[in-house]
Amino acid sequence: LVGAGGNAGSVLTQSLFFVSDSYTTYEGILWMGVMIIGMTQLILFLWFPMWGGMFCKGKEGVTEADYYTSDYTENEKIEGLHEAVLKFANESKTERPPADRESSDMVSEKAENPNMQV
1 LVGAGGNAGS
11 VLTQSLFFVS
21 DSYTTYEGIL
31 WMGVMIIGMT
41 QLILFLWFPM
51 WGGMFCKGKE
61 GVTEADYYTS
71 DYTENEKIEG
81 LHEAVLKFAN
91 ESKTERPPAD
101 RESSDMVSEK
111 AENPNMQV
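Residue 20 in the UniProt record's numbering sits at position 20 of the sequence shown; the count goes up by one each step and never skips.
Keep in mind that the hints are not guaranteed to be accurate.
Said to hold, decoys possible - Calculated cross-link-like contacts (lysine-lysine; reagent style DSS-like; alpha-carbon spacing at most 30 angstroms):
(1) Lys-59 <-> Lys-77
(2) Lys-57 <-> Lys-77
(3) Lys-93 <-> Lys-77
(4) Lys-57 <-> Lys-87
(5) Lys-87 <-> Lys-77
(6) Lys-93 <-> Lys-59
(7) Lys-93 <-> Lys-57
(8) Lys-87 <-> Lys-59
Claimed, not checked - Ranges between beta-carbon positions, derived for each pair:
(9) Glu-74 <-> Gln-14: 17 to 25 angstroms
(10) Glu-74 <-> Thr-24: 33 to 41 angstroms
(11) Val-34 <-> Gly-80: 16 to 24 angstroms
(12) Asp-21 <-> Glu-95: 42 to 50 angstroms
(13) Ala-8 <-> Glu-76: 27 to 35 angstroms
(14) Pro-98 <-> Glu-60: 12 to 20 angstroms
It should be emphasised that the hints constitute simulated quantities derived from the structure, not laboratory data.
Idealized CB from N, CA, C, for every residue including glycine.
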C-alpha cells in the first residue's frame with residue numbers, strides 16, 4: 001500500500017467524525033473542515049536551510065548538496081556512498097525561487113569558466 005498520508009488522514013477523519021453517533025453529518029463536516037485548516041497552518045513552520053520557509057529566507061551559503069549529504073558520515077562520503085544524493089541535490093536546485101536560481105546558475109557557470117564576463 002503506497003500513499004502520501006492522504007489515505008491515513010481520511011481514515012482518521014472518518015473514524016473521528018463519522019463512525020460514531022457523537023456528531024451529526026453536518027457537525028462532522030464542520031469539524032473536519034476545522035481540522036483541515038488547523039493542520040494546514042503547520043506548513044507555516046516548515047523551513048529548509050537552503051530554500052527557507054514562507055516568511056524567511058534560507059541560510060546564506062547553504063546549498064542543496066550540504067543539506068542532502070548531511071545524513072552521511074565522513075567515512076561514508078570517503079567511500080562515495082553520497083554520490084547518488086549529489087545528483088539529486090543538483091537537480092533540486094530547480095526548486096529554488098527564480099531569483100535565487102539564476103544567481104546559483106551564474107555562480108556554477110563562473111566556477112566552471114573563470115574567464116566568463118558577468
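We went through each hint and held it up to the structure:
{"no.": "1", "hint": "Lys-59 <-> Lys-77", "in the structure": "holds (23 angstroms)"}
{"no.": "2", "hint": "Lys-57 <-> Lys-77", "in the structure": "holds (28 angstroms)"}
{"no.": "3", "hint": "Lys-93 <-> Lys-77", "in the structure": "holds (21 angstroms)"}
{"no.": "4", "hint": "Lys-57 <-> Lys-87", "in the structure": "holds (24 angstroms)"}
{"no.": "5", "hint": "Lys-87 <-> Lys-77", "in the structure": "holds (14 angstroms)"}
{"no.": "6", "hint": "Lys-93 <-> Lys-59", "in the structure": "holds (15 angstroms)"}
{"no.": "7", "hint": "Lys-93 <-> Lys-57", "in the structure": "holds (15 angstroms)"}
{"no.": "8", "hint": "Lys-87 <-> Lys-59", "in the structure": "holds (21 angstroms)"}
{"no.": "9", "hint": "Glu-74 <-> Gln-14: 17 to 25 angstroms", "in the structure": "violated (48 angstroms)"}
{"no.": "10", "hint": "Glu-74 <-> Thr-24: 33 to 41 angstroms", "in the structure": "violated (60 angstroms)"}
{"no.": "11", "hint": "Val-34 <-> Gly-80: 16 to 24 angstroms", "in the structure": "violated (50 angstroms)"}
{"no.": "12", "hint": "Asp-21 <-> Glu-95: 42 to 50 angstroms", "in the structure": "holds (46 angstroms)"}
{"no.": "13", "hint": "Ala-8 <-> Glu-76: 27 to 35 angstroms", "in the structure": "holds (32 angstroms)"}
{"no.": "14", "hint": "Pro-98 <-> Glu-60: 12 to 20 angstroms", "in the structure": "holds (18 angstroms)"}
Checked against the numbered hints listed earlier, the structure breaks hints 9, 10, 11; every other hint is satisfied.
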